[in-house]
Amino acid sequence: MDVQPTRMELIKLRRRIAMAKKGHALLKMKRDGLIMEFRTILEDAKRVIDEMVQRYREAQEKLALAMAADGVVAVKSIALSVDKEPSFTLKRKNIMGVVVPVIKREVVRKSVAERNYGVIGTTARIDEAVEAYEALIDAILEVAEIETTLKRLIEEIERTKRRVNALEFRVIPSMEDAARYITFKLEEMDRENIIRLKKIKGKKEKAEA
Amino acid sequence: MISKIIKRTKISEWAYIVARVRVMKRKLIPRDEYAKLLNMDLNEIARYLEETEYKKEIDELAFRYSGVDLIDHALSLNLSRVYSKLIRISKGLPRDLIVLYLRKWDFWNIKNILRGKMFGFTNEEIEATLVPAGEFDEDFFKSLLAKESIEEIVNAFRGKPFYSILEKILHGSKLSDVEDELDKFYYTSIAGLSAESLDAKYFIDFIRMEIDIVNMKTILRLKKEGVPAEEIIPKIVPYGYQLTEDEARKLAAMELEEIYKAIENYWFVRDLREVVMTQPMSKIENALTRIWAERMIKKASNYPLSILPVLSYMLLKKIEVDNLRIIARGKESGMEVEDIREQLVIV
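Taken in order, these protein sequences are the chains called Y and X. Residue numbers for the first sequence, in this note's numbering: 13 to 221. Residue numbers for the second sequence, in this note's numbering: 7 to 353.
Honestly, the hints are just simulated from the structure, not real lab data. The beta carbon of each residue, even a glycine, is placed where N, CA and C say it ideally should be. It cannot be assumed that every hint is accurate.
Claimed, not checked - Under the rule of at most 30 Å between Cα atoms (straight-line distance), these lysine-lysine pairs were calculated in the DSBU-like manner: (1) K88/Y x K16/X; (2) K97/X x K305/X; (3) K289/X x K304/X; (4) K116/Y x K230/X; (5) K324/X x K88/Y; (6) K289/X x K31/X; (7) K16/X x K148/X; (8) K289/X x K305/X; (9) K88/Y x K62/X; (10) K16/X x K42/X; (11) K88/Y x K305/X; (12) K42/Y x K197/Y; (13) K304/X x K88/Y; (14) K97/X x K88/Y; (15) K207/X x K230/X; (16) K123/X x K33/X; (17) K33/Y x K215/Y; (18) K88/Y x K31/X; (19) K256/X x K289/X; (20) K61/X x K88/Y; (21) K58/Y x K105/Y; (22) K33/X x K207/X; (23) K97/X x K123/X; (24) K180/X x K62/X; (25) K289/X x K16/X; (26) K148/X x K88/Y; (27) K116/Y x K58/Y; (28) K166/X x K180/X; (29) K91/X x K180/X; (30) K256/X x K88/Y; (31) K174/X x K61/X; (32) K180/X x K88/Y.
Stated by the list, open to error - Reference excerpt, derived from the structure (chain Y facing chain X, CB under 8 Å, subset only): (33) R27; (34) A30; (35) A76; (36) T101; (37) R127; (38) N128; (39) I132; (40) E140.
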């Protein structure tokens, strides 16, 4: 074992063990906290993904109805005439030290005056399809946000777990081994000293007699 | 056209076309059949249509298309053939009035060609949406499709009364405004005519009633979208039957609840309150179309020797094609039977 068996080293080691145990307990609590947070967000994620699937289905249905009522070319050309790409702002949120994104969409919906299709000759089904796709974009962004959060949390849980395991099964045991070794060595040295002293004392007494 | 519309017609001319239309009307899909159709899948619907009036079109197009595209194309082709047949079998004033009414499809086709060309669709895709049933025939529209630029297409209408509207595209006007102006032109060019004979009056009143329905749909649709009155007013078509332009403008400035109270006594309001307040706009439009069609059927039976039975047949045929298309597209997108049923106009 590569340690100096000195009392000073033992004191230092004991301090480090105490610190490592404290850190271990904290990391364990962080890991448990993160897992709990992950479970809560996972429930939200399931709901949000279901909602997105539902909205996608609705959007497909509305699109089919718009194509039936207003013709394929009218609907497709309206889709092609959208020259504005959906934009969004990215903010940050902190969950137990993990930085996760918060995505906010900027409204891309055009007013009737800006839209590229006549009102008199078309039906409201086109508007309803546009609206359904707008809702779908919101749902997709919400899923993107929650999925990224989940990924970050999983990475953090993994990292914390590795740290906890490393402390629990490697760092603390090896430091405790070292401390035990130093204690043993110091005791051994004490015993050697006592023997040595006893032998010197014996020799002295013999010489005096 | 104006000089023709005021001419008198013989009773025998009406008797002939009305008798032919009565036979054609019997071939429309009965309302009870929709329940069966709603429970079929796409292939079964195509097979069912093969046993109806649509057989010829389905057979003709089956080698090029399949599934929902086949049904879509067959329905458009059948509709245009039915309209062409009406023109073919009629003569004199009935024919003129039918052609005048079918000019709606000219504008539909022009809009689709301009839109398709502007957004880079293939000629085949644009052709699939055309219903050559009005003043211009299929060859004319094909020649338009062959043209390279929008300018050439617009110039093909030089000398037509709506050329000035189309020309606006070349000067930077928005396609949506031009589309609305074309639709307004169609309605006002007919509804603005003075009816010198009773036959023409029936026809003009029919168009004016359609204007009421169109205006009501536009106002409610834009109101539900929260569009301000000043943007709604330019979309209002003048010459309504009961809902005049001034009244329509006033409605455009009201809140939804007030609108319902204000229109309570109009001919097209019947059990509409619940629908207006609770349902999405597409269902309100359906309700208005249903009221409109039922009213026309009733009116047509009151005036059997007039243009009304022909117009009511044309309206019912269009509703049937729309219904079949909605069923086919709804089935393809996996919609529930009940949801599709709610979208149908069953008269």
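Right, here's what the structure says about each hint:
1. For the given pair, K88/Y sits about 47 Å from K16/X by alpha-carbon distance, which is inconsistent with the 30 Å threshold.
2. Restraint check: the Cα-Cα separation between K97/X and K305/X comes to about 23 Å, which is no more than 30 Å; the hinted pair holds.
3. Note on K289/X and K304/X: the hinted pairing holds, with a Cα-Cα distance of about 22 Å set against a maximum of 30 Å.
4. Proximity of K116/Y to K230/X is assessed by CA-CA distance (about 26 Å); at most 30 Å being required, the pair is judged to hold.
5. Distance check on the hinted pair: K324/X and K88/Y sit about 22 Å apart at the alpha-carbon level, within 30 Å; holds.
6. At roughly 26 Å between alpha-carbon atoms, K289/X and K31/X fall within 30 Å of each other, so this suggested pair holds.
7. For the proposed pair K16/X and K148/X, the alpha carbon gap of about 37 Å is over 30 Å, so the pair is violated.
8. Restraint check for K289/X and K305/X: satisfied, since their Cα atoms lie roughly 24 Å apart, inside the 30 Å limit.
9. Distance check on the hinted pair: K88/Y and K62/X sit about 28 Å apart at the alpha-carbon level, within 30 Å; holds.
10. At most 30 Å may separate the alpha-carbon atoms for a hinted pair to count; K16/X and K42/X exceed this at roughly 43 Å.
11. Taken as a hint, the K88/Y and K305/X pair is broken in the structure, with Cα atoms around 38 Å apart against an allowance of 30 Å.
12. Between K42/Y and K197/Y, the direct Cα distance comes to roughly 37 Å. Violation of the 30 Å bound is thereby established for this hinted pair.
13. A C-alpha spacing of about 38 Å is found between K304/X and K88/Y, which places the hinted pair above 30 Å, so the restraint is violated.
14. About 39 Å separates the Cα atoms of K97/X and K88/Y, which puts this hinted pair outside 30 Å; it is violated.
15. Using a Cα cut-off of 30 Å, the hinted pair K207/X and K230/X is violated, with the two alpha carbons roughly 34 Å apart.
16. Between the alpha carbons of K123/X and K33/X the distance comes to roughly 37 Å, so the proposed pair goes past 30 Å and is violated.
17. Between the alpha carbons of K33/Y and K215/Y the distance comes to roughly 49 Å, so the proposed pair goes past 30 Å and is violated.
18. Straight-line distance between C-alpha atoms of K88/Y and K31/X comes to about 33 Å, which puts the hinted pair past the 30 Å bound.
19. For the hint linking K256/X to K289/X, the alpha-carbon distance of about 24 Å falls within 30 Å, and the restraint holds.
20. Simply put, K61/X and K88/Y have alpha-carbon atoms about 28 Å apart, close enough for the 30 Å limit, and the pair holds.
21. Only pairs whose Cα atoms come within 30 Å are accepted, and K58/Y paired with K105/Y is accepted, the gap being roughly 21 Å.
22. For a cut-off of 30 Å, the pair hint linking K33/X to K207/X stands: about 29 Å separates their Cα positions.
23. Proposed proximity of K97/X and K123/X is contradicted: the alpha carbons are some 36 Å apart, above 30 Å.
24. A hinted pair counts as satisfied when its Cα atoms are at most 30 Å apart, and K180/X with K62/X does not qualify at roughly 40 Å.
25. About 41 Å separates the Cα atoms of K289/X and K16/X, which puts this hinted pair outside 30 Å; it is violated.
26. Under the criterion of a C-alpha separation no larger than 30 Å, the hint pairing K148/X with K88/Y is consistent with the structure, at around 21 Å.
27. A hinted pair counts as satisfied when its Cα atoms are at most 30 Å apart, and K116/Y with K58/Y qualifies at roughly 20 Å.
28. This hinted pair checks out: K166/X and K180/X have alpha carbons roughly 20 Å apart, not beyond 30 Å.
29. Using a Cα cut-off of 30 Å, the hinted pair K91/X and K180/X is violated, with the two alpha carbons roughly 36 Å apart.
30. With a CA separation close to 35 Å, the supplied pair K256/X and K88/Y exceeds the 30 Å bound.
31. With a C-alpha separation of about 42 Å, the suggested pair K174/X and K61/X falls outside the 30 Å cut-off, and the hint is violated.
32. For the hint pairing K180/X with K88/Y, the CA-to-CA distance comes to about 17 Å; that is within 30 Å, so the pair holds.
33. For R27/Y, the shortest C-beta to C-beta distance to chain X is roughly 67 Å, which exceeds 8 Å, and the interface hint is violated.
34. Of the supplied interface hints, the one on A30/Y is violated, with its beta-carbon coming no nearer than about 64 Å to a beta-carbon of chain X, more than 8 Å.
35. This hint holds: A76/Y has a C-beta 4 Å from the nearest C-beta of chain X, less than the 8 Å allowed.
36. The restraint placing T101/Y at the interface with chain X is violated, with a minimum CB-CB distance near 25 Å, outside the 8 Å limit.
37. Taken as an interface hint, R127/Y checks out: its beta carbon lies about 6 Å from the nearest beta carbon of chain X, inside 8 Å.
38. For N128/Y, the shortest C-beta to C-beta distance to chain X is roughly 5 Å, which falls under 8 Å, so the interface hint holds.
39. Because the smallest distance between the Cβ of I132/Y and any Cβ of chain X comes to about 4 Å, under 8 Å, the interface hint for this residue holds.
40. Contact between E140/Y and chain X, as hinted, is supported at the beta carbon level, the nearest pair being about 6 Å apart and thus within 8 Å.
Of the numbered hints listed earlier, those contradicted by the structure are 1, 7, 10, 11, 12, 13, 14, 15, 16, 17, 18, 23, 24, 25, 29, 30, 31, 33, 34, 36.
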